[in-house]
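**Q** Fit chain B to the known structure of chain A by using the hints.
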Amino acid sequence: MMRFLLLFSRQGKLRLQKWFTPISEREKKKIIRDMTNMVLARQPRSCNFLDWKDLKIIYKRYASLYFCLAIENQENELLALEIIHRYVELLDKYFGNVCELDIIFNFEKAYFILDEFIIGGEVQETSKQIVNRSIEASDMLQEFQVGASTDTSPMSE
Amino acid sequence: MPAVSKGDGMRGLAVFISDIRNCKSKEAEIKRINKELANIRSKFKGDKALDGYSKKKYVCKLLFIFLLGHDIDFGHMEAVNLLSSNKYTEKQIGYLFISVLVNSNSELIRLINNAIKNDLSSRNPTFMCLALHCIANVGSREMAEAFASEIPRILVAGDTMDSVKQSAALCLLRLYKTSPDLVLMGEWTSRVVHLLNDQHMGVVTAAISLITCLSQKNPDEFKTCVSLAVSRLSRIVSSASTDLQDYTYYFVPAPWLSCKLLRLLQCYPPPEDGAVKGRLVECLETILNKAQEPPKSKKVQHSNAKNAILFEAISLIIHYDSEPNLLVRACNQLGQFLQHRETNLRYLALESMCTLASSEFSHEAVKTHIETVINALKTERDVSVRQRAADLLYAMCDRSNAKQIVAEMLSYLETADYSIREEMVLKVAILAEKYAVDYSWYVDTILNLIRIAGDYVSEEVWYRVIQIVINRDDVQGYAAKTVFEALQAPACHENMVKVGGYILGEFGNLIAGDPRSSPLVQFNLLHSKFHLCSVPTRALLLSAYIKFINLFPETKATIQEVLRCDSQIRNSDVELQQRAVEYLKLSSIASTDVLATVLEEMPPFPERESSILAKLKKKKGPGAVSVTELEDNKREGGELNGGGDRGPDTASTPSPSADLLGIRSAAPVGPAPAGAGSLLVDVFSEAGPAAPSTRRHFYRFVCKNNGVLFENQLLQIGIKSEYRQNLGRMYLFYGNKTSVQFASFMFCVVALLDTWLQLNVQTKQVEPLVEGGAQIQQVLNIECLTDFSDFFQPTEMASNDFFQRWKQLSQPQQEAQKIFKANHSMDTEVLKAKLLGLGTALLDNVDPNPENFVCAGVIQTKSQQVGCLLRLEPNAQAQMYRLTLRCSKDSVSKRLCELLAQQF
Numbered sequence: 001m002m003r004f005l006l007l008f009s010r011q012g013k014l015r016l017q018k019w020f021t022p023i024s025e026r027e028k029k030k031i032i033r034d035m036t037n038m039v040l041a042r043q044p045r046s047c048n049f050l051d052w053k054d055l056k057i058i059y060k061r062y063a064s065l066y067f068c069l070a071i072e073n074q075e076n077e078l079l080a081l082e083i084i085h086r087y088v089e090l091l092d093k094y095f096g097n098v099c100e101l102d103i104i105f106n107f108e109k110a111y112f113i114l115d116e117f118i119i120g121g122e123v124q125e126t127s128k129q130i131v132n133r134s135i136e137a138s139d140m141l142q143e144f145q146v147g148a149s150t151d152t153s154p155m156s157e
Numbered sequence: 001m002p003a004v005s006k007g008d009g010m011r012g013l014a015v016f017i018s019d020i021r022n023c024k025s026k027e028a029e030i031k032r033i034n035k036e037l038a039n040i041r042s043k044f045k046g047d048k049a050l051d052g053y054s055k056k057k058y059v060c061k062l063l064f065i066f067l068l069g070h071d072i073d074f075g076h077m078e079a080v081n082l083l084s085s086n087k088y089t090e091k092q093i094g095y096l097f098i099s100v101l102v103n104s105n106s107e108l109i110r111l112i113n114n115a116i117k118n119d120l121s122s123r124n125p126t127f128m129c130l131a132l133h134c135i136a137n138v139g140s141r142e143m144a145e146a147f148a149s150e151i152p153r154i155l156v157a158g159d160t161m162d163s164v165k166q167s168a169a170l171c172l173l174r175l176y177k178t179s180p181d182l183v184l185m186g187e188w189t190s191r192v193v194h195l196l197n198d199q200h201m202g203v204v205t206a207a208i209s210l211i212t213c214l215s216q217k218n219p220d221e222f223k224t225c226v227s228l229a230v231s232r233l234s235r236i237v238s239s240a241s242t243d244l245q246d247y248t249y250y251f252v253p254a255p256w257l258s259c260k261l262l263r264l265l266q267c268y269p270p271p272e273d274g275a276v277k278g279r280l281v282e283c284l285e286t287i288l289n290k291a292q293e294p295p296k297s298k299k300v301q302h303s304n305a306k307n308a309i310l311f312e313a314i315s316l317i318i319h320y321d322s323e324p325n326l327l328v329r330a331c332n333q334l335g336q337f338l339q340h341r342e343t344n345l346r347y348l349a350l351e352s353m354c355t356l357a358s359s360e361f362s363h364e365a366v367k368t369h370i371e372t373v374i375n376a377l378k379t380e381r382d383v384s385v386r387q388r389a390a391d392l393l394y395a396m397c398d399r400s401n402a403k404q405i406v407a408e409m410l411s412y413l414e415t416a417d418y419s420i421r422e423e424m425v426l427k428v429a430i431l432a433e434k435y436a437v438d439y440s441w442y443v444d445t446i447l448n449l450i451r452i453a454g455d456y457v458s459e460e461v462w463y464r465v466i467q468i469v470i471n472r473d474d475v476q477g478y479a480a481k482t483v484f485e486a487l488q489a490p491a492c493h494e495n496m497v498k499v500g501g502y503i504l505g506e507f508g509n510l511i512a513g514d515p516r517s518s519p520l521v522q523f524n525l526l527h528s529k530f531h532l533c534s535v536p537t538r539a540l541l542l543s544a545y546i547k548f549i550n551l552f553p554e555t556k557a558t559i560q561e562v563l564r565c566d567s568q569i570r571n572s573d574v575e576l577q578q579r580a581v582e583y584l585k586l587s588s589i590a591s592t593d594v595l596a597t598v599l600e601e602m603p604p605f606p607e608r609e610s611s612i613l614a615k616l617k618k619k620k621g622p623g624a625v626s627v628t629e630l631e632d633n634k635r636e637g638g639e640l641n642g643g644g645d646r647g648p649d650t651a652s653t654p655s656p657s658a659d660l661l662g663i664r665s666a667a668p669v670g671p672a673p674a675g676a677g678s679l680l681v682d683v684f685s686e687a688g689p690a691a692p693s694t695r696r697h698f699y700r701f702v703c704k705n706n707g708v709l710f711e712n713q714l715l716q717i718g719i720k721s722e723y724r725q726n727l728g729r730m731y732l733f734y735g736n737k738t739s740v741q742f743a744s745f746m747f748c749v750v751a752l753l754d755t756w757l758q759l760n761v762q763t764k765q766v767e768p769l770v771e772g773g774a775q776i777q778q779v780l781n782i783e784c785l786t787d788f789s790d791f792f793q794p795t796e797m798a799s800n801d802f803f804q805r806w807k808q809l810s811q812p813q814q815e816a817q818k819i820f821k822a823n824h825s826m827d828t829e830v831l832k833a834k835l836l837g838l839g840t841a842l843l844d845n846v847d848p849n850p851e852n853f854v855c856a857g858v859i860q861t862k863s864q865q866v867g868c869l870l871r872l873e874p875n876a877q878a879q880m881y882r883l884t885l886r887c888s889k890d891s892v893s894k895r896l897c898e899l900l901a902q903q904f
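Residue numbers (the UniProt record's numbering), protein chains in the order written: chain A, 1 to 157; chain B, 1 to 904.
Same shape as in the complex, but just chain A:
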């Protein structure tokens, strides 16, 4: 299974963190630090896999963002790379040419999309169409309901 997924920028700014097993906040911070240090220090054209403790770290850079996925030892590295890629495709399809800013400003959406794709560290649905359809369906549900409720004042700060 997958243990965690981190998205961070080239400057080491964390953009998304998903933990598939319970970990203390302190431990999370330590892992985030380790991952950004390790991955950002890699030379270009190195392989995408690293050993770290008893886990394998699979990372890949898309534009300014690094995707870093930790999987258990017996898992398939190449497939993990494609899990990252499929997630990027899903984000891309939803946001249309996704960029780092989309993920910063719509972090909750990035989480929702991930939940449709992966649950409890295992792939739930690999079909791009099905995942997108269910995300769009819930967006429809949102728009409909937001439109229907008149008592909200979006400007209130």
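Everything labelled a hint here was simulated from the structure, so no lab data went into it. Fair warning: this is a prediction, and the values are worked out from it, not measured in the lab. Please note: incorrect hints may appear among the correct ones.
[As the list claims (entries may be wrong)] Subject to a maximum C-alpha distance of 27 Å in a straight line, what follows is the list of computed BS3-like cross-link-like pairs (lysine-lysine):
| no. | chain 1 | residue 1 | chain 2 | residue 2 |
| --- | --- | --- | --- | --- |
| 1 | B | K434 | B | K367 |
| 2 | A | K53 | B | K615 |
| 3 | A | K53 | A | K28 |
| 4 | B | K26 | A | K29 |
| 5 | B | K43 | B | K87 |
| 6 | B | K31 | B | K43 |
| 7 | B | K378 | B | K367 |
| 8 | A | K53 | B | K378 |
| 9 | B | K529 | B | K585 |
| 10 | B | K223 | B | K821 |
| 11 | B | K177 | A | K18 |
| 12 | B | K45 | B | K24 |
| 13 | B | K529 | A | K18 |
| 14 | A | K60 | A | K128 |
| 15 | B | K434 | B | K481 |
| 16 | A | K128 | B | K290 |
| 17 | A | K30 | B | K821 |
| 18 | A | K30 | B | K45 |
| 19 | B | K615 | B | K585 |
| 20 | A | K28 | B | K177 |
| 21 | A | K13 | B | K556 |
| 22 | A | K128 | B | K807 |
| 23 | A | K60 | B | K299 |
| 24 | B | K367 | A | K29 |
| 25 | A | K60 | B | K298 |
| 26 | B | K299 | A | K93 |
| 27 | B | K434 | A | K30 |
| 28 | B | K87 | A | K93 |
| 29 | A | K13 | B | K615 |
| 30 | B | K177 | A | K29 |
| 31 | A | K28 | B | K894 |
| 32 | A | K60 | B | K223 |
| 33 | B | K298 | A | K93 |
| 34 | B | K585 | B | K556 |
| 35 | B | K894 | B | K832 |
| 36 | B | K821 | A | K28 |
[What the hints assert, rightly or not] Estimated spans, in silico, between C-beta atoms of each pair:
| no. | chain 1 | residue 1 | chain 2 | residue 2 | range |
| --- | --- | --- | --- | --- | --- |
| 37 | B | R235 | A | L101 | 40 to 46 Å |
| 38 | B | R472 | A | P22 | 32 to 38 Å |
| 39 | A | I23 | B | Q292 | 41 to 47 Å |
| 40 | A | G96 | B | N401 | 52 to 58 Å |
Where a beta carbon is used, it is the ideal one built from N, C-alpha and C, also for glycine.
**A** Below, chain B without anything else, positioned relative to chain A:
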């Protein structure tokens, strides 16, 4: 701010995020956050009831702040409120907050569980999925308690939507991993297995993760999945790339599902049914064939997906290790990848070949790639690839290529990355020892190792070379000559000085005939290094000097001079000073005969497991040692994992109390610590706080009948015991380790009678005097009134008898079960020895799974007999055990279970 904000944009949130991004400093950011937190707090506390939208927005802001790395200590209640909103968007944010920030606040968990329960029974698939995602994300025990029985029902119900089934399967898997005891598949098993036949590929993809995990834990109950998995795999493998529509990924049909099917099959041995097996072999061949076909796309995603399946298939082939033809094909395929332009593939091929190297069928095929691998070690740009190449060289090494591989690894060490040097050094040392045909090569190799990477040569490595040289007289002269030459180098590593000092001190005489290495030359050479060395090395050199005085009387005056000078005899370091004083005195007053006896050549070391191999294992975990290596060691009679049984360290601190026996010199025995089991033992100490070490020693004797119970610098207590039915006799041996007499020596052995564990203990008082170096014996006669594990009598029985009795003992209180992590070696032979040591009969061919152990025995007491059945299921992969005990008397199962769980 981006123009597009999909769904319901929360403008307030976007503004806040921009503000944070515009902060020029960390301080400014914190200031802005604190302002926002104050604002949200006042809104939440305010009199005016917040509408759903505002609540959602503020909860979302809190979440953002938390994800930035700040602590959030409020807002949980508002998030929980959102869960019961009937607006999807609010519910969703509520669940997200809970998933990310949940803590085990029991009050909240109850409320959360309530909301989840409502959503699960809402029959609205989107709501149900949200609730399931939340359970999977949190996965706490409380949630397992609340939902573990509900979710299987949802999973197999005929009217459940596909998307809900998928979420339910993975949610259940998550709960099973946190609380396996709460997830009982029982009646659902076969319907869950049949999800492999589901029409919806997404359902199969999700369900198979669950099935794989359950199969690992209960292979028998799930074994029908093998044939289903094979036929599903065969349909995918033979389908055209367009058949599976959206489950085709870059022209590869269902790569995720294929890999998961292949992984599931790795939980089982090859299928017994010939037809199923034939179909599977066909699949594997097709996968290997496809690897040779030209790619359908130039995209890396295409080749990754295709090769992911290929590697998984190769893993299965290696797992079966029974199809020579496939193994060799796999090896050839990996050989091609070794020269692939994709770094990832080279890396994986090296890694995968490591496991192929340990199969007897493919070992030779792997060896043919040696040149490519050596080349990889020299030329790869990426250190992690070089590391894999080094691993593979180590794995493919045998007598035929050891010299070449060791030479290559040594030359690589000169430039190796610091991160992998220590491991490389260990590996070179191990290979050199293991495949040494002539020991001069071994000595050369180790000395080279010290020369090239001295800093990374651990004690184990240089201790080992000394052990070997001392044990083999055919290499001693050569070793002396070689270290002598190595020490000529103007800058040589301290480890070289240590080895040099030791070896010349023992065997310097073997080269003293040559005037170029006359005794005085040797001494001067060693002494020229003295001042550059650390204290331990200097201490070693001083010992070498006194040995020189014995070996070469002509050096006596010179060496005495050295010992006598202030820097030695008045050295501020106590150890050095003491050595200098004592050696000086020894050399001046002892006769040559006495000197020769005291400073005799070291006797051979007892043969035992190579300390460096143990170190490598410790470093890399048990998986690091290849199969061939383990076998080699067994053949040589080395005990691999004897660590657990090794005698206690002589330096162990005195520890006052333990469960079994209490001994204290002179002082009376105090009351037993509350709840401390049966008998109290207090051991020779200034009554410090209870240290765990003696207790640990006690537990060693659950599966062993003799050994050292306690040892410190003054005293050693040994124990030997024998048991027949309800009678036992225990011998205690008290050894005085000092040279002086122990006067008024008194041992109180006190038995504290526990309510259920009752022993009658009779002792004879021992003599109050123990001479220096002497050992006295005390006998304890023990009668077991109720049950006590050492009074086991083995009971042999046949398989059906066993199961019949097992079923008879089916009341819940008669059974005790424990799942625990392995504390010691999981080696089969070690386990067998422990179970036999316990006194039970080990029954073969009872458990359908040969990995498991089944035992039966009777505990004899004065008044009754208690029958005990035991089942131990090791899971080597997870390094876990499951231990189940069924006894005819309730309390016994529980007590034994706890006692035994610490033994494995």
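**Q** Confirm or reject each hint.
**A** So, going through the hints one by one against the coordinates:
Between the alpha carbons of B:K434 and B:K367 the distance comes to roughly 18 Å, so the proposed pair stays at or under 27 Å and holds. A C-alpha spacing of about 17 Å is found between A:K53 and B:K615, which places the hinted pair at or below 27 Å, so the restraint holds. A C-alpha spacing of about 15 Å is found between A:K53 and A:K28, which places the hinted pair at or below 27 Å, so the restraint holds. Restraint check: the Cα-Cα separation between B:K26 and A:K29 comes to about 17 Å, which is no more than 27 Å; the hinted pair holds.
Distance check on the hinted pair: B:K43 and B:K87 sit about 21 Å apart at the alpha-carbon level, within 27 Å; holds. Straight-line distance between C-alpha atoms of B:K31 and B:K43 comes to about 19 Å, which keeps the hinted pair within the 27 Å bound. For a cut-off of 27 Å, the pair hint linking B:K378 to B:K367 stands: about 18 Å separates their Cα positions. For the given pair, A:K53 sits about 26 Å from B:K378 by alpha-carbon distance, which is consistent with the 27 Å threshold.
A C-alpha spacing of about 24 Å is found between B:K529 and B:K585, which places the hinted pair at or below 27 Å, so the restraint holds. Between B:K223 and B:K821, the direct Cα distance comes to roughly 25 Å. Compliance with the 27 Å bound is thereby established for this hinted pair. Between B:K177 and A:K18, the direct Cα distance comes to roughly 18 Å. Compliance with the 27 Å bound is thereby established for this hinted pair. With a C-alpha separation of about 31 Å, the suggested pair B:K45 and B:K24 falls outside the 27 Å cut-off, and the hint is violated.
At roughly 57 Å between alpha-carbon atoms, B:K529 and A:K18 are farther apart than 27 Å, so this suggested pair is violated. Our distance criterion of 27 Å between C-alpha atoms is met by A:K60 and A:K128, whose separation comes to about 20 Å. Using a Cα cut-off of 27 Å, the hinted pair B:K434 and B:K481 holds, with the two alpha carbons roughly 23 Å apart. Taking the CA atoms of A:K128 and B:K290, the gap is near 25 Å; set against the 27 Å cutoff, the hint holds.
Between the alpha carbons of A:K30 and B:K821 the distance comes to roughly 25 Å, so the proposed pair stays at or under 27 Å and holds. For a cut-off of 27 Å, the pair hint linking A:K30 to B:K45 is broken: about 34 Å separates their Cα positions. Note on B:K615 and B:K585: the hinted pairing is violated, with a Cα-Cα distance of about 40 Å set against a maximum of 27 Å. A C-alpha spacing of about 20 Å is found between A:K28 and B:K177, which places the hinted pair at or below 27 Å, so the restraint holds.
Between A:K13 and B:K556 the CA atoms are separated by roughly 70 Å; this puts the pair beyond 27 Å, and the hint is violated. Distance hint between A:K128 and B:K807 is unfulfilled; the C-alpha atoms sit about 51 Å from each other, more than 27 Å. Distance check on the hinted pair: A:K60 and B:K299 sit about 15 Å apart at the alpha-carbon level, within 27 Å; holds. With a C-alpha separation of about 44 Å, the suggested pair B:K367 and A:K29 falls outside the 27 Å cut-off, and the hint is violated.
With a C-alpha separation of about 19 Å, the suggested pair A:K60 and B:K298 falls inside the 27 Å cut-off, and the hint holds. Restraint check: the Cα-Cα separation between B:K299 and A:K93 comes to about 19 Å, which is no more than 27 Å; the hinted pair holds. For the given pair, B:K434 sits about 40 Å from A:K30 by alpha-carbon distance, which is inconsistent with the 27 Å threshold. The straight-line distance between the Cα atoms of B:K87 and A:K93 is roughly 25 Å, inside the 27 Å bound, and the hint therefore holds.
With a CA separation close to 39 Å, the supplied pair A:K13 and B:K615 exceeds the 27 Å bound. As the CA atoms of B:K177 and A:K29 are separated by approximately 24 Å, the hinted pair is consistent with the 27 Å bound. Between A:K28 and B:K894 the alpha-carbon distance is near 38 Å, which puts this suggested pair outside the 27 Å criterion. Our distance criterion of 27 Å between C-alpha atoms is broken by A:K60 and B:K223, whose separation comes to about 38 Å.
Under the criterion of a C-alpha separation no larger than 27 Å, the hint pairing B:K298 with A:K93 is consistent with the structure, at around 22 Å. For the given pair, B:K585 sits about 12 Å from B:K556 by alpha-carbon distance, which is consistent with the 27 Å threshold. For a cut-off of 27 Å, the pair hint linking B:K894 to B:K832 stands: about 22 Å separates their Cα positions. Distance restraint check for B:K821 and A:K28: the Cα-Cα separation of roughly 24 Å lies within the 27 Å cut-off, and the hinted pair is therefore satisfied.
In this structure, B:R235 and A:L101 meet the distance hint of 40 to 46 Å, their C-beta atoms being roughly 44 Å apart. Between B:R472 and A:P22 the beta carbon distance is about 55 Å. The supplied range of 32 to 38 Å is therefore violated. Distance hint for A:I23 and B:Q292: a CB-CB separation of about 44 Å, consistent with the stated range 41 to 47 Å. Remark: the range hint 52 to 58 Å for A:G96 to B:N401 is upheld by a beta-carbon distance near 57 Å.
In summary, the structure is inconsistent with hints 12, 13, 18, 19, 21, 22, 24, 27, 29, 31, 32 and 38 from the numbered list given earlier, while agreeing with the others.
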